[in-house]
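2 protein chains.
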Amino acid sequence: MALNISGKLFGGVLCNGNTFVRFQSVLATKLMYAEYGDPCKVVQKCEEPLPDIKGSDVLIRMLAAPVNPADINTIQGKYPSRPELPAVPGNEGVGEVVQVGSDVTDFCPGDRIVPLANLLGTWRSHAVLNSRQLLKIPKELGIVEASTLTVNPCTAYRMLKDFADLKEGDVVIQNGANSACGQNVIQLANIWGLKTVNIVRDRPKIGELRNFLKQLGATEVLTEEELRKTDLFKSKKLPKPKLGLNCVGGKNALEVMRHLNHGSSIVTYGGMSREPVTVPTSALIFKDIKVRGFWMTEWTKRNVDSPQRKEMFEELIKYMCEKKLHGPAYKMVEFQNFREALMNTMTIKGMIGLKYILDFEKC
Amino acid sequence: MALNISGKLFGGVLCNGNTFVRFQSVLATKLMYAEYGDPCKVVQKCEEPLPDIKGSDVLIRMLAAPVNPADINTIQGKYPSRPELPAVPGNEGVGEVVQVGSDVTDFCPGDRIVPLANLLGTWRSHAVLNSRQLLKIPKELGIVEASTLTVNPCTAYRMLKDFADLKEGDVVIQNGANSACGQNVIQLANIWGLKTVNIVRDRPKIGELRNFLKQLGATEVLTEEELRKTDLFKSKKLPKPKLGLNCVGGKNALEVMRHLNHGSSIVTYGGMSREPVTVPTSALIFKDIKVRGFWMTEWTKRNVDSPQRKEMFEELIKYMCEKKLHGPAYKMVEFQNFREALMNTMTIKGMIGLKYILDFEKC
Chain A
1 MALNISGKLF GGVLCNGNTF VRFQSVLATK LMYAEYGDPC KVVQKCEEPL PDIKGSDVLI
61 RMLAAPVNPA DINTIQGKYP SRPELPAVPG NEGVGEVVQV GSDVTDFCPG DRIVPLANLL
121 GTWRSHAVLN SRQLLKIPKE LGIVEASTLT VNPCTAYRML KDFADLKEGD VVIQNGANSA
181 CGQNVIQLAN IWGLKTVNIV RDRPKIGELR NFLKQLGATE VLTEEELRKT DLFKSKKLPK
241 PKLGLNCVGG KNALEVMRHL NHGSSIVTYG GMSREPVTVP TSALIFKDIK VRGFWMTEWT
301 KRNVDSPQRK EMFEELIKYM CEKKLHGPAY KMVEFQNFRE ALMNTMTIKG MIGLKYILDF
361 EKC
Chain B
1 MALNISGKLF GGVLCNGNTF VRFQSVLATK LMYAEYGDPC KVVQKCEEPL PDIKGSDVLI
61 RMLAAPVNPA DINTIQGKYP SRPELPAVPG NEGVGEVVQV GSDVTDFCPG DRIVPLANLL
121 GTWRSHAVLN SRQLLKIPKE LGIVEASTLT VNPCTAYRML KDFADLKEGD VVIQNGANSA
181 CGQNVIQLAN IWGLKTVNIV RDRPKIGELR NFLKQLGATE VLTEEELRKT DLFKSKKLPK
241 PKLGLNCVGG KNALEVMRHL NHGSSIVTYG GMSREPVTVP TSALIFKDIK VRGFWMTEWT
301 KRNVDSPQRK EMFEELIKYM CEKKLHGPAY KMVEFQNFRE ALMNTMTIKG MIGLKYILDF
361 EKC
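If you read the protein sequences in the order shown, they are chains A and B. At position 272 of the first sequence the residue is numbered 272 (the UniProt record's numbering), and the sequence of numbers has no breaks. At position 12 of the second sequence the residue is numbered 12 (the UniProt record's numbering), and the sequence of numbers has no breaks.
Extracted from the complex, chain A is given alone in its bound form:
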């Protein structure tokens, strides 16, 4: 049977009991690494005939897969998620169903999917995956939004939902507000009627960044310096924040904490400054500040099939289809030029930091 897919076919003859069956398997192009190390060195492209699909398997053709900083760290062996080697890198992506196994009833050829499980290895042209590892998504969802659905928008969603009982008009303060996750926080907060105070590093074209974040729905955008001097809360222009989000650490996190309301949480999900979070004893005892962390990978592991996860995806996809929640600024890179995407992700520069997305169209 020749499969109606773009991609190489791999022919052969198989002895099946007493009969000989002719088959053509898909030859997938994939990236692999057999040891942890510098992604530009250890990641290699190779080809592999895929197994025939059975039972609950689904044959997927990948459409797009982003290169996230966590993918880089995973390949470097610096991330707590350490897949068994050799491994196919890539944690996020969007694909199209090509063929389904005999037991699969909830997917049809042509369906769009994103991975439900962590570390499925999305940097490959095709894959045979178990249907239980996949989430069907509507075709009207943009390729960029779909391929970057499962990490940053979900992280923003969970941090806004799970660490404070926020009501319309409540304030969230975050640093690194221009990060991919920070942009999702701004947009989701805006959809839900929450106000955001967004802290960014000072930079030459700060006005541009301020405008960009305000267009996303930011209530206030302040530099670290401006935060130190602000009377936003003292003047009661805004109520004190009931939630702080931190992806920077160091003095910046301390400054965010200083403005929090009594009993609030500050949630750390990154550490861009490479400095720890320093918490004054008095903030813990007398202000009852709760210092927490959030890791999407761990949440996903514990909630693969949870109703909360289903509800989250439905809601996020709805916002994205309604154009209320936008994907990141991005650059598509042909799959064969994957090293360009790796290099650029390792040295992100500029105002927002483009998301490099591998494009499998020509595979």
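Check each hint, because a few of them may be wrong.
Which copy? The list can't say, so a pair holds if one copy fits it or any two copies do.
[To be verified] Below, a list of computed lysine-lysine pairs in the DSSO-like style, where the Cα atoms sit at most 30 Å apart:
1. K331 <-> K240
2. K301 <-> K234
3. K362 <-> K331
4. K167 <-> K310
5. K78 <-> K290
6. K136 <-> K236
7. K161 <-> K301
8. K251 <-> K290
9. K240 <-> K78
10. K251 <-> K287
11. K310 <-> K287
12. K301 <-> K240
13. K167 <-> K229
14. K301 <-> K136
15. K195 <-> K318
16. K78 <-> K287
17. K161 <-> K136
18. K78 <-> K234
19. K167 <-> K301
20. K362 <-> K234
21. K324 <-> K54
22. K139 <-> K205
23. K240 <-> K290
24. K41 <-> K161
25. K205 <-> K290
26. K323 <-> K45
In short, the hints are calculated from the structure, not lab data.
With the hints as your guide, set chain B onto chain A.
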């Protein structure tokens, strides 16, 4: 009416409508401060005739009241609890009911009581208080245990109950283990079948302290240096702690955190090193360490009449009457020598730090 109490009587004549009534009121000896500052300077002794008791009032004769470090800080104006001035210092103590108002049905003369509310001002020979502010306690409860019931044993109890779901055999790690609260933690954990790893500063007679804490029920006692090198948890001699308690801060708190099990809380209730709690980003994100604080004063305020509070007192008093939970090492100081107690509390030295308790017997 002459009251059957030790204490000065204050005589007078009161015009009550058309009749003249002879009365003798109690002249209370009390400490007062009219401004925040050095306790040895701003705290003065004075005498005050008490008002007649009405309705739900109770006349109390104080028996004993400890001088806690928080009392000192309150007088200094350095504590977040700032009573209206002039104020009577003292937050804890035990008294005896002398006379009850006409509406009081749950107290009788001779009953022993401790204050239910914060900052009632216990450093006085007598007081007229509302019966709703008092908790009746059994007479078999020792004076030392009773007078120090409402802060340290309660702090230890709540920290062990409210921040982790601890089961028999689970491990709690704490620094400053020889503090008054730390000793309560050891004893309560022991009663409940929990194991404790107790961190203390190295000192000349460390063996004595080790024995003292082990006699209280400590599973392990380690110096800070020993904790850094320990293989207690790696060797699986003990499971990793599910709760950390911190009254020191700085490097010591960091070392305690390092040994905690995934998803555990470290609860700060003091900051003896005057250094903040420094939390590595990775501990928050990848180990899901929860950094919290606890302040008994705030808990008491929110739970004055809660069933949890009633249950806690019943349980603690039961343990104390059964001699399973012991009061602190102490020294009784005659009320008139209160400056000695203040001075010594401000400069606590030695192995454990004696609790100085004001004794009102001769008042």
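Against the structure, the hints:
1. Proximity of K331 to K240 under the C-alpha cut-off of 30 Å is found in neither arrangement, the shortest distances being 38 Å within a copy and 46 Å between copies.
2. For the homomeric pair K301 and K234, the shortest alpha-carbon distance between copies (26 Å) is at most 30 Å, but the shortest distance inside one copy (41 Å) is not.
3. In this assembly of identical chains, K362 and K331 lie within 30 Å of each other by CA distance solely inside one copy; the values are 16 Å within and 85 Å between copies.
4. Only within a single protomer do K167 and K310 lie at most 30 Å apart by alpha-carbon distance; the minimum there is 22 Å, versus 33 Å between protomers.
5. Proximity of K78 to K290 under the C-alpha cut-off of 30 Å is found in both arrangements, the shortest distances being 27 Å within a copy and 23 Å between copies.
6. Taking the shortest alpha-carbon separations for K136 and K236, neither the intra-copy value of 46 Å nor the inter-copy value of 45 Å comes in at or below 30 Å.
7. In this assembly of identical chains, the alpha carbons of K161 and K301 lie at most 30 Å apart whether taken from the same copy (18 Å) or from different copies (28 Å).
8. For the identical chains of this complex, K251 and K290 are neighbours both inside a copy (17 Å) and across copies (20 Å), given an alpha-carbon limit of 30 Å.
9. When the C-alpha separation of K240 and K78 is checked against a cutoff of 30 Å, the pair qualifies only between copies, where the shortest distance is 24 Å, while the shortest distance within a copy is 37 Å.
10. In this homomeric assembly, K251 and K287 come within 30 Å of each other (Cα to Cα) both inside a single copy, at 18 Å, and across copies, at 22 Å.
11. In this homomeric assembly, K310 and K287 come within 30 Å of each other (Cα to Cα) only across copies, at 25 Å, whereas the closest approach inside a single copy is 35 Å.
12. In this homomeric assembly, K301 and K240 come within 30 Å of each other (Cα to Cα) only across copies, at 22 Å, whereas the closest approach inside a single copy is 34 Å.
13. In this assembly of identical chains, the alpha carbons of K167 and K229 lie at most 30 Å apart only when taken from the same copy (27 Å versus 48 Å across copies).
14. For the homomeric pair K301 and K136, the shortest alpha-carbon distance inside one copy (19 Å) is at most 30 Å, but the shortest distance between copies (51 Å) is not.
15. When the C-alpha separation of K195 and K318 is checked against a cutoff of 30 Å, the pair qualifies only within one copy, where the shortest distance is 21 Å, while the shortest distance between copies is 50 Å.
16. Proximity of K78 and K287 under a CA criterion of 30 Å is satisfied inter-copy only: 15 Å between copies versus 35 Å inside one chain copy.
17. In this homomeric assembly, K161 and K136 come within 30 Å of each other (Cα to Cα) only inside a single copy, at 24 Å, whereas the closest approach across copies is 44 Å.
18. Taking identical chains as interchangeable, the C-alpha atoms of K78 and K234 lie at most 30 Å apart only when they sit on different chains, with a minimum of 22 Å there against 42 Å within one chain.
19. Taking identical chains as interchangeable, the C-alpha atoms of K167 and K301 lie at most 30 Å apart whether they share a chain (28 Å) or sit on different chains (25 Å).
20. For the identical chains of this complex, K362 and K234 are neighbours neither inside a copy (57 Å) nor across copies (51 Å), given an alpha-carbon limit of 30 Å.
21. For the identical chains of this complex, K324 and K54 are neighbours neither inside a copy (40 Å) nor across copies (65 Å), given an alpha-carbon limit of 30 Å.
22. Taking identical chains as interchangeable, the C-alpha atoms of K139 and K205 are never at most 30 Å apart, the minima being 37 Å within one chain and 74 Å between chains.
23. In this assembly of identical chains, the alpha carbons of K240 and K290 lie at most 30 Å apart whether taken from the same copy (15 Å) or from different copies (22 Å).
24. Within a single copy, K41 and K161 get their C-alpha atoms no closer than 40 Å, and across copies no closer than 52 Å, so neither meets the 30 Å cut-off.
25. For a Cα distance limit of 30 Å, the shortest separation of K205 from K290 qualifies neither inside one copy, at 35 Å, nor across copies, at 37 Å.
26. Neither within a single protomer nor between protomers do K323 and K45 lie at most 30 Å apart by alpha-carbon distance, with minima of 36 Å and 72 Å respectively.
Violated hints, in rising order: 1, 6, 20, 21, 22, 24, 25, 26; the structure is consistent with all others.
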